[in-house]
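S.K.: Taken in order, these protein sequences are the chains called F and W.
Read in order, the letters of the first sequence correspond to residues 1 to 334 in UniProt numbering.
Read in order, the letters of the second sequence correspond to residues 1 to 507 in UniProt numbering.
Think of the hints as simulated: they come from the structure by calculation, not from any bench.
Be aware that one or more of the hints could be misleading.
Claimed, not checked - 35 Å max Cα-Cα, derived DSBU-like pairs, lysine-lysine:
#1 47/W to 144/W
#2 118/W to 52/W
#3 203/W to 52/W
#4 144/W to 278/F
#5 343/W to 203/W
#6 343/W to 144/W
#7 118/W to 144/W
#8 343/W to 278/F
#9 343/W to 52/W
#10 52/W to 278/F
#11 278/F to 47/W
#12 144/W to 203/W
All figures in this text were calculated on a predicted structure; none of them were measured in a lab.
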Amino acid sequence: MTTQTVTTRTPPPRRLPSMSVLGPILALVILVIVGALMNSSFLSAGNINNVLSRSAFIGIIAVGMTFVITAGGLDLSVGSMAAFIAGLMILVMNAALPSLGVGVPIILLGMAVALVAGILAGLLNGFFITTLGIEAFIVTLGSMGIYRSLVTWLADGGTLSLDFDLRTFYRPVYFDGILGIAWPIIVFAAVVIVGEILMSRTRFGRHCAATGSNAHVAHYSAVNVDRTRLATYAMLGLLVGVATIMYVPRLGSASASTGVLWELEAIAAVIIGGTVLKGGFGRVWGTVIGVLILGLIDNILNLTDLVSPYLNGAIQGVIIVLAVILQREAKAKG
Amino acid sequence: MMTIPGPVLSLRGVSKSFGPVQVLHGIDIDLHAGQVLALIGENGAGKSTTMKILAGYQPPTGGTILLDGQPATLSGLRAFEDAGIVLIHQEFNLAEQLTVEQNVFLGRELRRGLLLDKTRMRQLTRDYLDRLDCAVDPDTPVSKLSNSDKQMVEIAKALGRRARILIMDEPTAVLTGSEVDTLFAQIRVLRDAGTAVLFTSHKLGEVAAIADRVTVMRDGHVVRTDAARAMTEDDMATAMVGRDVSDLYPAKPGVAADAPMALRVAGLDVPGWASDIAFDLRAGEIVGIAGLIGSGRTEAMEGLCGLRPATTTRLEIAGNPVHVRSTQDALAHGLCYMTEDRKLRGLLLTKGMRDNLTLQALHRFGRVVIDRGAEDRALTQAIADFDIRAGNRDVAVGNLSGGNQQKLLLAKIMQSQPRVLIVDEPTRGIDIGTKQQIYAFLRRLAAEGRAIIVVSSELQEVIGLSDRVLVMRQGRIAATLADDDINEATILRHAIGVAAPQTRKAS
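Only chain W is shown next, with the shape it has when bound in the complex (with noise of 0.2 Å):
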């Protein structure tokens, strides 16, 4: 940017109390015309109602909000949206069974007289999309799209909105390598074109490729602003915990050589998804399995345990040969598969941690009648081994921050004393720190002995847990890569399907 003009919108020293809580202590934050600006922070650093103060979801308990340099009178969000600050959520806020064109003109439907004026809304409707690059025909029913073009549609819809503050909560937490890309371009052209972007992000990478500023917020407060070229990813990470993090994944001992088989996979067939996957696992090791999304690791290893059809040449566990159908089988056998989605699929989120933690191991509380106090004794048990923070144990799990959630989910499947743990995306949208603990747990369990895989969209997790990695290409294993040969490039050119090291490399 060659000329800086005043900030659109900004903050000045404001506070944020609920009840004796006070989470937001003075925070200045800037937002310009035509810059990106990434707010990073761990989660439960403020950034959350930060975002929710600015888009005029919450008021503020002190300090101003200042709009175009003057102290904004603002209240309630309908006036903020008319003043042209957008806040798109992290959990898209659309109607899934109505098309584009009624998302986007939802609550504004534009009319002649006592009936819609379909044509305008269509024609509008297109030209935002238009303005997006984005394909996707306004008359597609919502709940028929990607989430990358759900996220267009929230763009489309601010677009329609006149929005020139546009506030995204973690954009890119659900969408795959390539719609994120897509997203980049598109925040680029609305920036070129004046909008003032906030967006956060857990991942680091992402926030150094699209912010011109970055703004670092640690327990309610911002301890850093600056421009994004300024700071290395190292550089932010170490501002948002507020020490160092080299030391983020825990050393890796090596496997024995003599170590017995814990899990041997042969003609792993998933149909629609994998086919013929076959690989061995060592009790005490971690293999990663990293692939592009749609190269089939999460089904393939569903299928595995017995979580949708597939069907096995053979399948043997700690030198046994076995059959599993069902999540019971693979259960019994102690073959547990920890889910990507901890919301939707992980845990039940109106109730309390304890019968989330033992709902997959009920059978060993009570043979008819459940023992609550083994219940209540092995939560306080899991409490202390996975550090998780909950204010009291019978809140429900929905009000526990994601990090907490992930820890509680961890400590549910190691309820079922799994030989074979498979965990997939274990730090998805967690800070950190958290992320730094969860990879030191699976580190512990491999060393009690217990054979664990890590799917991972996550190169850098990956490769930093790993002993061995299988990389997954069309439902197939494309490579089993060890030692030297796990590096990004290594990963990536097996991933996409280019053996040869020339080709450029994907960001």
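Chain F with its partners taken away, still in its complex shape (with noise of 0.2 Å):
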């Protein structure tokens, strides 16, 4: 035993060999060298908030997807949750416009029916998946086609459409911000600062990560495990429901395509931040970045014409393997 004083010092956090967190974050930088050397507009104002708005989506639910993977469990239905909600809060204020005509109190109707919803969802999903004790990939599986469903039912298989003159009101939602910055980026940046407090320094995050990591163990120590389960589904759900309120008004409809492959590409973002799919470790910078390499690799491939874009989601596919190839010889090494 060596005879070395504890100073008082903390020192610093090497829980994780390096590469699992400078990888991510130097693919990033790499991305970005990248980008900026292929077309002089990438790093334009412009292209940037473009770029990061459409990422908000994904962004918001892979936060909350975060807690669920990190809880130990899978959430597949955000996508078909996705246009399900967006076709019932489109349906909600398109009957709600004779009586309450076009305002602000529409918009706020639809944001509660968008929300309220998404609780619901989650918490029907995480109801399945802890007191009836099913699989989280049935259940979610289950759902997603419900939903999937549902949206299809509801537009009778084609588009629902919010009214017109709505549509005119709601869109700064989307479009508009402050100082030059898009509303959807805003809202992603707000949810990733409570998400990553929540998430490594809170009780609940704690928890999360106990759960996932040995649920027994969790029992033993007085960790309501099905509570802390609930609750990531719950909060996942809010944000399904958040981030449709911010989609709505870029396109003003839902349809049977809404949100395809949403679920996917969250999981993917999780996963490539470094958050281990089995539960017990997870990390909400790291999934901004999974959501930012994602945007990025779509965004250049759109501006530059070395790659067809038809090929994106193929070189998402490789990104994805070695971001877990690279996670798991750094954990060998460790």
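Given two chains presented individually in distinct reference frames, assemble the corresponding complex, making use of the accompanying hints.
M.R.: Structure below.
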């Protein structure tokens, strides 16, 4: 035993090997450099705003997904849930138009519908998973099909469109902002800050990690495992609602193809960011980097003509697998 | 043994280093056919590394391995297995979802043409199990077996590999008393058939019961090798620790008659496990709960602490009637349970010490945002208070030795400042030096005015620690013993339900 005295200065947190921390950041930096070299307008304020706004929907959902995965769960239903909530929101707002008229109240009503529907949908997933003890994969695979089918049915196979006047009134929620920063970016940033604090600095975050790491240990440590899990699903549902609120004014419509594959993009962002898919460890800031990496690849492919944008999915796939391999190698070394 | 043939497997001057750290210093070990060798030593003495070298999991950095007296040129696990050397791990190496037969032949399936020869595999598995006197059906999934049957499957698997040298890492750690007897009977069968057996155990009584010879290791050296009957358990312990351990248990200061009542339980029912449990506990008192495995000891205590469904007719903590329906309730009333299973229920093995230490008591470290500085100070304090030895504060808890994990677990429970502390198997699988420390901690906590319940399968531990002993049998309290009644024979009689003293003593 070395008789090293414990210094009062807290040692730097070196729990994780540096590669798993540096990897995603490095990849992001490389992408930015590549993008800047390939197209001069890449670093323009307009393009950055555009990339971030588009990434915000997935990003807001991915923050919630980080908690679900950290607590040992999974949610495949978020894309369908977003489409369903968008459809519901549009239907309710259109229906309330004659009585409320175009104005702030009807927008608030739509937002409230989205948030409540999101929380309820999340609680429902969580209820089946925690109280009834059914695999998260099965439950959310089921609800994914249900929501997708419901929105198709509500739209009668076509598109649900927000009333034209309403759409014009609601548009600024996506396209305007403060000091040139679009609203979705601001909301995304707020969600990230709250999420990061929640994950790394509060009891809830620790309880999520403990639950995902070993639910038995968490139970024996007086952690309410079921309630923690339920809360992660409800929180994810709420954030899907928030993302939908930001998404609906962009197109003003919802259809069967709204939010397709969002769940996979969100899960991919979480994993690229270094959260462990089996649960037990998650970091919100990593998820943000994951979202940005996915968004930038899309943007770079669109701005340059070296590689067809149709190969976007293939490149994302390679990156996801690479990210996991890198994490594993780092773990083996550490 | 009348004749002692030459050793079948030997280590001669074997050393092993991991980087700059030398863990084995020129050790000599001999395994003889038809003999059981016990390898004993404290945690960290080098037993595991020695076993891994013997079984080919790791090559030595110096010295030679002799197989049948010849320097062995084996390399790789497979070569050792082909030479008939099989290591059975402490944590079973079985595929839980596969059947017994599938496990026995895993990786060496017999085929006829392209298809599996199921008939032959079934019949061979049956043969192996018969040789072990084991009645398990080869078609049973391993997940449905008890620990002792899993042990038998491991041995059957070794037979299937034609093992003539069987190395067992703490085979009894997860077994109950009667299961140990079965295992030992079967080890004797194998021994008499000419197999060389090496095993490790922390229970010196078992070593005395089964071993023909004993090799004691300390700090990477072999300090003594002798015939088992030439050594008393005290000799073994002294050789392991390198000092006298007769003062293993702290002195019992006795409980003042007017000490305040800390816990009063009446009519505790845990459906399926325990019924009508009633007892009192005074501040400063240590009460032991003894009983055979399956007597409902653990389940009753888990029920009391809200870890499983249970009811009580009356529950008082420090004189106040309380209701405990969840672990959160129990915690709020200062009632804490320390699990017997530190690896699966006690600690998050992939997390660091700090996260583990404060998990159960996070509410004490900040109302909304966790105060990490306070957590670090708590860890510094816990490391000092409980003598936790880890090279580095941020090491994953799974990399700590069993003894240090146990100390950390105790420190973790103490973070929630329990008034009533229930510890279940507080020293399972840890070395004797650390045991001594944990006993001292428990006595110190009692002296601070806490009430402590010790649940243990080790009678010596219950006897050595407790001011009073509750004996449980079939879900009920069979007896409450104090003073001179706290002895092995009396406890055992009540535990197995024979009141008259003339019955044979179960060993």
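S.K.: Compare the structure with each hint and give your call.
M.R.: Results for each hint:
no. : hint           : in the structure
1   : 47/W to 144/W  : 31 Å, holds
2   : 118/W to 52/W  : 33 Å, holds
3   : 203/W to 52/W  : 21 Å, holds
4   : 144/W to 278/F : 25 Å, holds
5   : 343/W to 203/W : 20 Å, holds
6   : 343/W to 144/W : 21 Å, holds
7   : 118/W to 144/W : 21 Å, holds
8   : 343/W to 278/F : 18 Å, holds
9   : 343/W to 52/W  : 22 Å, holds
10  : 52/W to 278/F  : 30 Å, holds
11  : 278/F to 47/W  : 33 Å, holds
12  : 144/W to 203/W : 27 Å, holds
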